[in-house]
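Participant: Now for the letters of each chain:
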Amino acid sequence: MRLLRRMANIFSRSRRDQDLQDEFAAHLAFLEESEQASGRSPDEARRAARLRFGNPVSHRENAVDAVTSTSIERMGKESAFALRRLVRAPVFTTTAVVTLALAIAANIAIFAVVYRVILNPLPYDDAGRLIALDHGAHALNFPAGIGMSRGLYYQYALRARTIEAVAVYVSEDLTLVDDGAPERLHVVRATPTLGAVLRRAPALGRWFTDAEAVPGAARVAVISHGLWTRRFGADARVLGRVVSLGGSPTSIVGVMPADFTFPDARVDAWQPEQMTQAMGFGIFAYVGVARLRAGVSLADVRAELNALIADLPHAFPGDPFAEGNGPGIKLFSAAIPLKDVVVGNAGRGLWILLASVLFVLGIASANVANLFLVRCEARQREIAVRRALGAGRTDIARYFFSETAILAAAAAIFGVAGAGVAVRLLVADGPANLPRMQEIRLDSVSIAYGVVLAVLAAVGLAAIPLWRRGSPTALQEIGRGNTPSAERQRLRKLLIAGQVAIALVLLVASGLLVRSFQRLRAADLGFGGTSTLTLSIGLPETTYPTRAAAVSTHQAIVDRLSSLPGIASTAATTCLPLAGGCGFGNTVLVKDHPSPAGTPLPVAVFRAVSGGYFEAIAMRLVQGRALTRSDVDRREPVVVVNQAFASRLFGNSSAIDRYIASNRPLAKSGPNASPTWLQIVGIVADTPIVAINEPPFPQLFMPMSIAGGPDFPLPSLVGPSVSVMTFVIRPRPGLTIDLTTVRDAVASVDSTLAVAQVETMQAIVDRASATAAFTMVLIAIAGIAAVTLGVIGIYGVMSYAVSLRTSEIGVRLALGAAPSLIRSMIVRQGLSIVVAGIGTGTAMALLSGRALTPLLYRVSARDPAVFAETIGLVLGVSLLACWLPARRAARISPLDALRAD
Amino acid sequence: MPRHSNDRLQGTLDLLILNTLARGGAQHGYAIAQRIHQATDDSLRIEEGSLYPALQKMTAEKWLRAEWRVTSTGRRARFYSLTPEGRRQLAQQEERWFAIIAAVNKALRFA
Numbered sequence: 001m002r003l004l005r006r007m008a009n010i011f012s013r014s015r016r017d018q019d020l021q022d023e024f025a026a027h028l029a030f031l032e033e034s035e036q037a038s039g040r041s042p043d044e045a046r047r048a049a050r051l052r053f054g055n056p057v058s059h060r061e062n063a064v065d066a067v068t069s070t071s072i073e074r075m076g077k078e079s080a081f082a083l084r085r086l087v088r089a090p091v092f093t094t095t096a097v098v099t100l101a102l103a104i105a106a107n108i109a110i111f112a113v114v115y116r117v118i119l120n121p122l123p124y125d126d127a128g129r130l131i132a133l134d135h136g137a138h139a140l141n142f143p144a145g146i147g148m149s150r151g152l153y154y155q156y157a158l159r160a161r162t163i164e165a166v167a168v169y170v171s172e173d174l175t176l177v178d179d180g181a182p183e184r185l186h187v188v189r190a191t192p193t194l195g196a197v198l199r200r201a202p203a204l205g206r207w208f209t210d211a212e213a214v215p216g217a218a219r220v221a222v223i224s225h226g227l228w229t230r231r232f233g234a235d236a237r238v239l240g241r242v243v244s245l246g247g248s249p250t251s252i253v254g255v256m257p258a259d260f261t262f263p264d265a266r267v268d269a270w271q272p273e274q275m276t277q278a279m280g281f282g283i284f285a286y287v288g289v290a291r292l293r294a295g296v297s298l299a300d301v302r303a304e305l306n307a308l309i310a311d312l313p314h315a316f317p318g319d320p321f322a323e324g325n326g327p328g329i330k331l332f333s334a335a336i337p338l339k340d341v342v343v344g345n346a347g348r349g350l351w352i353l354l355a356s357v358l359f360v361l362g363i364a365s366a367n368v369a370n371l372f373l374v375r376c377e378a379r380q381r382e383i384a385v386r387r388a389l390g391a392g393r394t395d396i397a398r399y400f401f402s403e404t405a406i407l408a409a410a411a412a413i414f415g416v417a418g419a420g421v422a423v424r425l426l427v428a429d430g431p432a433n434l435p436r437m438q439e440i441r442l443d444s445v446s447i448a449y450g451v452v453l454a455v456l457a458a459v460g461l462a463a464i465p466l467w468r469r470g471s472p473t474a475l476q477e478i479g480r481g482n483t484p485s486a487e488r489q490r491l492r493k494l495l496i497a498g499q500v501a502i503a504l505v506l507l508v509a510s511g512l513l514v515r516s517f518q519r520l521r522a523a524d525l526g527f528g529g530t531s532t533l534t535l536s537i538g539l540p541e542t543t544y545p546t547r548a549a550a551v552s553t554h555q556a557i558v559d560r561l562s563s564l565p566g567i568a569s570t571a572a573t574t575c576l577p578l579a580g581g582c583g584f585g586n587t588v589l590v591k592d593h594p595s596p597a598g599t600p601l602p603v604a605v606f607r608a609v610s611g612g613y614f615e616a617i618a619m620r621l622v623q624g625r626a627l628t629r630s631d632v633d634r635r636e637p638v639v640v641v642n643q644a645f646a647s648r649l650f651g652n653s654s655a656i657d658r659y660i661a662s663n664r665p666l667a668k669s670g671p672n673a674s675p676t677w678l679q680i681v682g683i684v685a686d687t688p689i690v691a692i693n694e695p696p697f698p699q700l701f702m703p704m705s706i707a708g709g710p711d712f713p714l715p716s717l718v719g720p721s722v723s724v725m726t727f728v729i730r731p732r733p734g735l736t737i738d739l740t741t742v743r744d745a746v747a748s749v750d751s752t753l754a755v756a757q758v759e760t761m762q763a764i765v766d767r768a769s770a771t772a773a774f775t776m777v778l779i780a781i782a783g784i785a786a787v788t789l790g791v792i793g794i795y796g797v798m799s800y801a802v803s804l805r806t807s808e809i810g811v812r813l814a815l816g817a818a819p820s821l822i823r824s825m826i827v828r829q830g831l832s833i834v835v836a837g838i839g840t841g842t843a844m845a846l847l848s849g850r851a852l853t854p855l856l857y858r859v860s861a862r863d864p865a866v867f868a869e870t871i872g873l874v875l876g877v878s879l880l881a882c883w884l885p886a887r888r889a890a891r892i893s894p895l896d897a898l899r900a901d
Numbered sequence: 001m002p003r004h005s006n007d008r009l010q011g012t013l014d015l016l017i018l019n020t021l022a023r024g025g026a027q028h029g030y031a032i033a034q035r036i037h038q039a040t041d042d043s044l045r046i047e048e049g050s051l052y053p054a055l056q057k058m059t060a061e062k063w064l065r066a067e068w069r070v071t072s073t074g075r076r077a078r079f080y081s082l083t084p085e086g087r088r089q090l091a092q093q094e095e096r097w098f099a100i101i102a103a104v105n106k107a108l109r110f111a
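Sequence lines, in order, name chains A and B. Numbering of the first sequence is given in the working numbering, commencing with residue 1 and proceeding in unit increments. Numbering of the second sequence is given in the working numbering, commencing with residue 1 and proceeding in unit increments.
Chain A on its own, in the form it takes in the complex (with noise of 0.2 Å):
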């Protein structure tokens, strides 16, 4: 209270002022009244009056003093002096506030990045209830990723009660024909309970309902904000239109707001899935998502589950798949936080990043607080001035703090100014896989921790000169030609070893980013062909109902392009190399060599082609053939396997002409009695199916025409569906391939068909390790700057010394000392510090090096070569850093020396 009304008084001065003024005037009307009753004329009456009032300016500056004269206006009067010294050390200031300004917009924005990507990445209300619904298998060996099938989702939104809402989806590729051109959409088919998991409602019309989501209901769609405005011109009467989506009429009912892009940024639109519990447990073809009643703890949800698992063959009795894909592989709920699934650990990478350029700012804060000692040693006689006229500790402390005040304040403008040009460099370049990355702006959060940086920074450059004993107290100790305490070198050195280690820190972090990622470019991918092109064509079911026609059309498409000048070679396959699982992945039997009970089943990813594909992607084939187009069109039962399959289901033993088969249930009679067996002609080297760095996993690639298909669904677990394939088109050495020639021969084959997904292998490459780069030029732009920064550091400290110094060397060199002497004391001293901040800056990069492990690619955190090189980095930089300043030492005429003393 007492401080507002003293804030009042500042403000309310002019009117105190014209008061006053009114009030003296009267003062002086009845001075004059009262002089002229006792005789005086009107003109000496107003002159005694005058003489006996005294001067007004003075009474009214003393009565504004009265009321107005506190801490805060003499905190206000301290930083006008401030800045006028401030102004007068142009050089100082300018370096203090651009370093301070350059960390502190580093620090805003990756705080940007992280407040956004990783404390708030869902844009959902109350988000930290909604779960991911996976699933794990001990029989597999499977931690988790197995994900949801239909049984599960009716067994949860039944009976969990841990659960206030489950829902399940699927994504898949649609092609939408309307008036313009066909178009493949990115569609997500959910249960129609995923808005209310949610809690996002449609921002046009309305999202879908349990009667639309019944098998035979006409067919509704809800698109999404994008597809909105790119398709339809933002035009609200999009609202009731009907059309063509997989072949499907399909009437457009609602529009997502701009934000929703559940469940990643490439959906386009959501439909019903259209099922019934009737259809039975099915297989794991679903994401699952769930939230949680309030207060309800992940283990409770998990242990719930659990049990719900355990009753499925009751709940569905005589499914095979509720014993075989339940308690037969001993599922269990691996349930997660949704937001650790969408986050995935591009989190660890920012927190690490967040953390350096932390150290950065504190760098550049011990740079600051060098050149502020430097300026605080040249005010000795101004400070023992101020004491020995009674300034308290207080008034010294509000002396210093309104100097750092300042800077800091100007470093935290400019700071945010920069800041917000870093975070829209970030977001134009910053990787499409982390979540909401578009959505990060400089807001209000993100600021208000750049002040506090700001406001800790100056706090902290303030208490430094304030932060030692044997502070001289009066006038006579500060002596001419003294050198500063010992204390302060000994502070002063203590800062510039700091620097040195968290320099030190930081370029280990980067270089073993960077030995990182060369590995990680460098990686055998097990296939090649660069320039390949590579598009995705969906047969719509409705036209191409069964999986002979589709096998067809998909051969007619890769011979028509086959054709085509400059191209060398085409193919087609269910799912690239780090392009996912494609949704098909099985457990396998080996034919003649049961497992033995007890062990895990062996699972592999599914993936089936048109002949030439290996060719076509330069997939090395290390024994045996490949699969050939008269195995497409005689429907050979043979597959291809990668080195993991052979070696995790035949060890040493050759796997060729073995025989496996999909695992499924197996009917009592007829032609799904037995498995199909299938024969092993050929291994191909492993690819990677979603990271570079994971490791290798069983894969089997089968010709289309023994795949999946609309006439044999999922369930029937023969292979995966050739209705959607991507096709891999490889050009003739030096020559680029024209994407209207493609087209327009995709066209001539059928020319309802949309060309989707178009890009280079290399972009696919590129995109798998964006994060990766991203994290990596990031961390090596804060190694960098934390080095740059401590080298000037060790600069500046070491000229310094050598200033301070020079009648000593003056003497020295008088008496005889040779230059080279000079020269290798000063740079021995400057590097006896930097030896003992590598030392500490090498322990801690040791210790710290477990946190950056998970990012490293066959790296070790420890690597030796690593720390070796930067090591001698920074102590060549270092070298170089005090050499200059030694070799001006001994440069110092030792009579200039003497003289100027």
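Below, in silico cross-link-like pairs of lysine to aspartate or glutamate (EDC-like), each with a Cα-Cα straight-line distance of 16 Å or less:
no., chain 1, residue 1, chain 2, residue 2
1, B, K57, A, D17
2, A, K330, A, D311
3, B, K57, A, D19
4, B, K57, A, D65
5, B, K57, B, E85
6, B, K57, A, E61
These are calculated hints, taken from the structure and not from any lab test.
Guided by the hints, dock chain B onto chain A, whose structure is given.
Facilitator: Chain B only, in chain A's frame:
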């Protein structure tokens, strides 16, 4: 910078002003100075340089209320009057003053 250069004297001035206002009702600065001057048989003269800071301070502390009024001679002047808080302060300061006087008297007599 301390707010009062000589707190004891300033305190006395405060006491005199409060007392004058308590006895004579609302008055302007000149009248207060005159009244103290006359009441002390011309032995205490209040400097304008001290009077107005004291009035300002006490107004800011809400011991006094200030308002512009017109005097009987038709002149506009700022009139000060006591607030309840001002009355409380007066009582306190009077008490303290008499205690000090008693103590000083005692000391002078027996020292």
